[in-house]
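Colleague: The listed protein sequences derive, respectively, from chains C and X.
Quick note on numbering: the working numbering labels position 18 of the first sequence as 18, and the sequence is numbered without any gaps.
When you read off a place in the second sequence, starting at 1, and then add 1000, the result is the number in the working numbering.
Keep in mind the hints are simulated off the structure, nothing from the lab.
All C-beta atoms, glycine included, are put in the ideal place defined by N, C-alpha and C.
Just so you know, not all the hints are guaranteed correct.
[Said to hold, decoys possible] In silico contact screen, one side only, chain C against chain X (beta carbon under 10 Å); selected entries: (1) F22; (2) G274; (3) T328; (4) W333; (5) S341; (6) L349; (7) L353; (8) E357; (9) F367; (10) W372; (11) R375; (12) R415; (13) L417; (14) I499.
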Amino acid sequence: MTDPLFPTSAPRLALAGIHKAFGATQALRDVSLEVAAGEVHAIVGENGAGKTTLMNILGGTLAPDAGSMHLDGAPYRPHDTLDARKHGVAMIHQELSLAPHLSAWENIMLGAEPQRVGWLRRDAAKEAARAALARLGHPDFPLDRAAGSCSIAEQQILEIARALRTEPRVLIMDEPTSSLAQADVERLFAVIRQLKQRGVSVIYISHFLEEVKRIGDRFTVIKDGQTVGTGPLGEIPQSRLVRMMVGREVAELYPRRVPRSGETILRVAGLSAGPRLARADFTLAKGEILGIAGLIGAGRTELVRAVFGLDACDDGVVTLEGSPPLRTTRANWRAGLGFLSENRKEEGLMLGLSIAENTALPKMAQFGRSGWLNRGRMETAVNRWISQLGIKARDPRQPVGELSGGSQQKVALARLLEYPARLFLLDEPTRGIDVGSKAQIYELIAGLASEGRSVVLVSSYLPELFGMCDRIAVMRRGELVECRPAKDWTEATLMTAAIGSVN
Amino acid sequence: MSAKSLLAKLGPFLGLLLVIGLFSISTEVRGYFLTYANFKIILTQTVIVAIGALGMTLIIVSGGIDLSVGSSIAFTSVVGAILIQHGWPAPAVVLAVVAAGAGIGLLNGAAIAALRMMPFIITLGMLGVVRGAAKWLAANETVNYDGSVINSWMTTRDPFGWSLPAGAWVSLAAAAATAVLLRQTVFGRHVFAIGSNEATARLCGVPTRRTKILIYALGGAFFGLAGLMQLSRLRQGDPTVAVGLELDIIAAVIIGGASLSGGVGTVLGSMIGALIMAVLRNGSQQMGWPTYFQEIIIGLVIIAAVFLDRLRSK
Chain C
1 MTDPLFPTSA
11 PRLALAGIHK
21 AFGATQALRD
31 VSLEVAAGEV
41 HAIVGENGAG
51 KTTLMNILGG
61 TLAPDAGSMH
71 LDGAPYRPHD
81 TLDARKHGVA
91 MIHQELSLAP
101 HLSAWENIML
111 GAEPQRVGWL
121 RRDAAKEAAR
131 AALARLGHPD
141 FPLDRAAGSC
151 SIAEQQILEI
161 ARALRTEPRV
171 LIMDEPTSSL
181 AQADVERLFA
191 VIRQLKQRGV
201 SVIYISHFLE
211 EVKRIGDRFT
221 VIKDGQTVGT
231 GPLGEIPQSR
241 LVRMMVGREV
251 AELYPRRVPR
261 SGETILRVAG
271 LSAGPRLARA
281 DFTLAKGEIL
291 GIAGLIGAGR
301 TELVRAVFGL
311 DACDDGVVTL
321 EGSPPLRTTR
331 ANWRAGLGFL
341 SENRKEEGLM
351 LGLSIAENTA
361 LPKMAQFGRS
371 GWLNRGRMET
381 AVNRWISQLG
391 IKARDPRQPV
401 GELSGGSQQK
411 VALARLLEYP
421 ARLFLLDEPT
431 RGIDVGSKAQ
441 IYELIAGLAS
451 EGRSVVLVSS
461 YLPELFGMCD
471 RIAVMRRGEL
481 VECRPAKDWT
491 EATLMTAAIG
501 SVN
Chain X
1001 MSAKSLLAKL
1011 GPFLGLLLVI
1021 GLFSISTEVR
1031 GYFLTYANFK
1041 IILTQTVIVA
1051 IGALGMTLII
1061 VSGGIDLSVG
1071 SSIAFTSVVG
1081 AILIQHGWPA
1091 PAVVLAVVAA
1101 GAGIGLLNGA
1111 AIAALRMMPF
1121 IITLGMLGVV
1131 RGAAKWLAAN
1141 ETVNYDGSVI
1151 NSWMTTRDPF
1161 GWSLPAGAWV
1171 SLAAAAATAV
1181 LLRQTVFGRH
1191 VFAIGSNEAT
1201 ARLCGVPTRR
1211 TKILIYALGG
1221 AFFGLAGLMQ
1231 LSRLRQGDPT
1241 VAVGLELDII
1251 AAVIIGGASL
1261 SGGVGTVLGS
1271 MIGALIMAVL
1281 RNGSQQMGWP
1291 TYFQEIIIGL
1301 VIIAAVFLDR
1311 LRSK
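Please construct the entire structure, taking both the sequences and the accompanying hints into account.
Modeller: Here it is in structure tokens:
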């Protein structure tokens, strides 16, 4: 892609021989990367492969031990995030970094507020924020809304608007779609294409290979801190990418299973809870996997939370094997329900506490006698899950916060397995985790169903729903609108049901 | 065990050695400062803050805070003095005073759990309420009594003997019990779980409200015990005592390595934190520093301790 007018022109970004070690761990080894202007460059690799370290070096939060970086031919060595931004390298983190109490425009302009001798020029600031949002195709975004009350998709738009405020040359996006519904993903892609046209280079990190193939021009695969492959995305089959990432062939991501339906275990009738869950009716059989599809904010999370007794119900009945409705989480655990939160870090896990404690929390009293805790027994029990689920950890006492995303999610699942639950309510169980862990979790879910246990699988990722579920229910604006066997849906009919008829 | 985690465990100890070393520089002061007699005095001076810090450790580890400690100590010491006046036997007084403290904690906990309000606000309000109640109960003056066995618990009767006052033994026993409670019981681990991430605890079926009420009630019981030691030290019930003591107690817990955002903290750390506070006060007096200088030094030590803790945990 050499410009004919400037045959010697340097690439937008060039990294060579980057090394980085943390203590004894070599996080990056001789990594190189080349990105042209206006290119969308996908970086793929399993969690823990070193992608985040590389991005932090680019974004100025870490300094490399060795190696060279050039930006448009000039040496580039940022000493902090601000310096990186000054050079035109902006980053959008996987974890959104907004101030929840501040308004949309304040968040966009944070740290760069237009001022006159110390006085905030509010109108100019709002105007600049509006302009940044308009460039993203959101000219009508409510500027005065508090960021904390925006949806995750909206918050991400604010993040991108903040990055665009400084007219970046390189924009790094770390897992930008992990919390977006399909329609929002499309909107994000439109924005990326727009950025591309304006000559912005986008470094796109994602686990969703289908997406990477759609939006990316070129790719670089990182495995165990090394670049193992790079090239144009157009020609390469997905299976080869996966093989480069995991070092083995993942022939079939979704396990083959024989759908079976036993007697009904869960019956939900006329359930409503709060403003976001208006009405839901469904049943679930033993050994069945039921998918819940829908856009962000359609009430999917609210539905499983209400079933589990985490949120109060306004109306309706939940019966478990014909027994009367249960209203507290404690009672639901006892009845054999298990719930996996979509928000692993803020709700699902206690990051500062050990794997053992995170796994054993709902039934801690059983590891001991009359209130006394037998840690040895607890740790032995949890050790079994560490080896069985392939959780990469030193021992059961290691704090969960030190584990990779995939291992963290396995700890959250181990909690349900250890209890043990008979009915699994899984809210986005594979969000933001690597392909290897994903495959293991799919296998686990299929195994549960074949044992006669039941699963409700909430997911924004359609291939996952089609690959795993016996039946898929679609939610739209707080209502469960339709439930059909998975084979009776297509991606198109399902999306139509989720969006609603367009007159 | 890696060097880093060893350092993290030893951190508060090093701080204690540092302040002891600081006061041992001057040969003049060292002659008395480093004697067993003075060590006994320091231990005795630590008792009230130490027992208070035990209750506070429970509360801070759970992600809460209790600002009404000083007032609770004054209130419970007045309750004790009045009961002694009425001729109650010592064991009954002890039980009643601890129960009074637990009662205040129960109110705090119930208000925090039921009204879903921040512990800071509730206990800030209770700081005033309980202080006023103490003055009301004491008719706004000190409550005097003829004498009680309780008076002997905080005196070093024989300054050169080896025996420690009863109060020091009570603190040690209470510290051991609290450490076991936090480490070895389901309740104790629930305290950590709530402090680390309350949403997760709720999701896992931990009865968060009930546990919180229990945490504050138990903390209050410790404050009642501290009030008893306060009574023993003054030999009278004084409703105006222990003003601002909540800051010393919270500081002891924080110096001991607990995090104000919850989920982290140890009993051993808090006890050493309490000792550091007592050594600082004792040493400053021996150096002949004026009280305003002591206050400045103690303030700076708190900031330095938390800063060092952050370096350690990085």
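Colleague: Would you check whether C/R415 satisfies its interface hint, that is, whether its CB is within less than 10 Å of any CB in chain X?
Modeller: holds, 7 Å
Colleague: Can the hint on C/L417 be confirmed by a CB-to-CB distance to chain X that is less than 10 Å?
Modeller: violated, 14 Å
Colleague: Would the hint on C/R375 stand, with a C-beta cut-off of 10 Å toward chain X?
Modeller: holds, 8 Å
Colleague: Close enough to count: is the Cβ of C/W333 nearer than 10 Å to one in chain X?
Modeller: holds, 4 Å
Colleague: Hold the hint about C/T328 up to the distance rule: shortest CB distance to chain X must be less than 10 Å.
Modeller: holds, 8 Å
Colleague: Against chain X, run the beta carbon of C/L353 and see if the smallest gap drops under 10 Å.
Modeller: Holds: closest Cβ of chain X sits about 5 Å from C/L353, inside 10 Å.
Colleague: Double-check C/S341 for me: the hint is only fine if its C-beta lies closer than 10 Å to a C-beta in chain X.
Modeller: Result: holds, 6 Å to nearest chain X Cβ.
Colleague: For the hint on C/F22, does the least C-beta distance to chain X fall short of 10 Å?
Modeller: violated, 12 Å
Colleague: Less than 10 Å between beta-carbons is the criterion; does C/E357 satisfy it with respect to chain X?
Modeller: holds, 6 Å
Colleague: Holds or violated: C/F367 as interface residue toward chain X, Cβ cutoff 10 Å?
Modeller: holds, 8 Å
Colleague: For the hint on C/W372, does the least C-beta distance to chain X fall short of 10 Å?
Modeller: holds, 6 Å
Colleague: Once the shortest beta carbon distance from C/G274 to chain X is found, is it less than 10 Å?
Modeller: The hint is violated - C/G274 has no Cβ within 10 Å of chain X, the shortest such distance being about 17 Å.
In this structure, the hints that do not hold are numbers 1, 2, 13, 14, in rising order.
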